[in-house]
Amino acid sequence: MASSVILLLLLASAAAASDLYIVTSGEGNGAQAFGRSDEEVRLLYQEWVAKHRSSRNALLDEERRFEVFKDNLRYVDEHNAAADRGEHAFRLGLNRFADLTNEEYRAKFLGLRAGASSRSRRALSAGSDRYRLRAGDDLPDSVDWREKGAVVGVKDQGSCGSCWAFSTIAAVEGINQIVTEDYPYKARDGRCDTYRKNAHVVTIDSYEDVPVDDEKSLQKAVANQPVSVAIEAAGRAFQFYDSGLFTGSCGTDLDHGVTAVGYGSENGKDYWIVKNSWGEDWGEDGYIRMERNIASSSGKCGIAMEASYPIKKGHNPPNPGPSPPSPVKPPTVCDDYYTCEESTTCCCVYEYGKYCFAWGCCPLEGATCCEDHYSCCPHDYPICNVQEGTCLQSKNSPLSVKASKRTPAKPYWANPGSDGKKSSA
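Taken in order, the sequence shown gives residues -17 to -1, 1 to 408; the numbers are from mature numbering (1 follows the signal peptide of the UniProt record, and there is no 0).
Since the hints were derived computationally from the structure, they do not count as laboratory data.
Hints are not guaranteed to be accurate.
[As the list claims (entries may be wrong)] With a straight-line cut-off of 25 Å between C-alpha atoms, the simulated PhoX-like cross-links for lysine-lysine are:
#1 388 / 378
#2 296 / 91
#3 203 / 296
#4 131 / 296
#5 393 / 312
#6 91 / 378
#7 91 / 34
#8 312 / 388
#9 252 / 203
#10 34 / 378
#11 131 / 199
#12 138 / 34
#13 91 / 53
#14 337 / 393
#15 388 / 337
#16 138 / 91
#17 252 / 131
#18 131 / 203
#19 337 / 34
#20 138 / 385
#21 34 / 53
Model the full assembly from the supplied sequences, consistent with the hints where possible.
So this is what it looks like as structure tokens:
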């Protein structure tokens, strides 16, 4: 009994020391990968749920999720045990994908599919000569645009499948800083300014393709600026990558857009520094180092097949200046006695018969009011999971967001003379 308690305490402290619960076998303890008790696995799962579930999904079939987690844990354990024996140059961890099968991961988080027209265009084009490697070119041994201020923090695309946009934006951010030594974007919470939505704050002149299937020309391009690249990220090893030089198995079915922001070498092995868009909890603070200069001309996971970069020659347009004052929108009318603020939804808090005697305000427009009379869900996640406090896209969907809380509605006379728009449920 005492040994079991000690084991659980050690497990808890090890898990707390790492956000990703990197599972290691330790020297001389390779059997750990195959000898975990159900109690130990359940504890790991509960700790993983506490960290990741509220920010991504709350699935109704909890036991099914646990079985998937257990299978992924076994895979991670076996890989890291092999890494301890020197069979791999990289390690895996239980990141936020740990309760997804590989099929679910690919369906929800991979989105880039190079079309036939794109492949045909690149096949017919030799690519730009701007960064084509020529005899006598002397390239630096290593480059890291993060150290030069040309790369901003790692973003999280969520499950919207917009990896190509994050890849492109990172390349544009890079060339903008290199040319203008300025990066004006500063993130802050608030409502979007519609007056500025068409303002050109950062511009580029054009874009070009790196010569296809040419890692040396890609190296030359990355030595000059961050480059948007496409890779195949469908493999299970890529899904759970945590650290090290990625040498895992992958093909050239390009399904994910990322950005090459540097390159280098470690212990005689060359690698690319690649910025992902799955948040800082994935990989090496949101990055992956992928092996470089491999035997295949397409590069690791096809990284040299579809590489492009923006061209920028001058400064950005002048600042558009302050926005004019926004028109005041009328409040949302609940009934003859209560209103909510603009762009919100009235939700009944206390109902008796067919009448509502108290209203609450959901901070979302066109929202679904949950039956607990306390929470509400956005229109694109309309299914309330009251027990978990989340909103699902559909009844059995694995995708969800956290439910919003209602606030008390205001008496109608608190907004005298206003003709509001009725929106209630």
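Outcome of the hint check:
| no. | hint | result |
| --- | --- | --- |
| 1 | 388 / 378 | 21 Å, holds |
| 2 | 296 / 91 | 38 Å, violated |
| 3 | 203 / 296 | 19 Å, holds |
| 4 | 131 / 296 | 19 Å, holds |
| 5 | 393 / 312 | 16 Å, holds |
| 6 | 91 / 378 | 17 Å, holds |
| 7 | 91 / 34 | 20 Å, holds |
| 8 | 312 / 388 | 22 Å, holds |
| 9 | 252 / 203 | 18 Å, holds |
| 10 | 34 / 378 | 24 Å, holds |
| 11 | 131 / 199 | 22 Å, holds |
| 12 | 138 / 34 | 18 Å, holds |
| 13 | 91 / 53 | 20 Å, holds |
| 14 | 337 / 393 | 21 Å, holds |
| 15 | 388 / 337 | 23 Å, holds |
| 16 | 138 / 91 | 17 Å, holds |
| 17 | 252 / 131 | 23 Å, holds |
| 18 | 131 / 203 | 17 Å, holds |
| 19 | 337 / 34 | 42 Å, violated |
| 20 | 138 / 385 | 19 Å, holds |
| 21 | 34 / 53 | 17 Å, holds |
Of the numbered hints given earlier, the model fails hints 2 and 19; all others are met.
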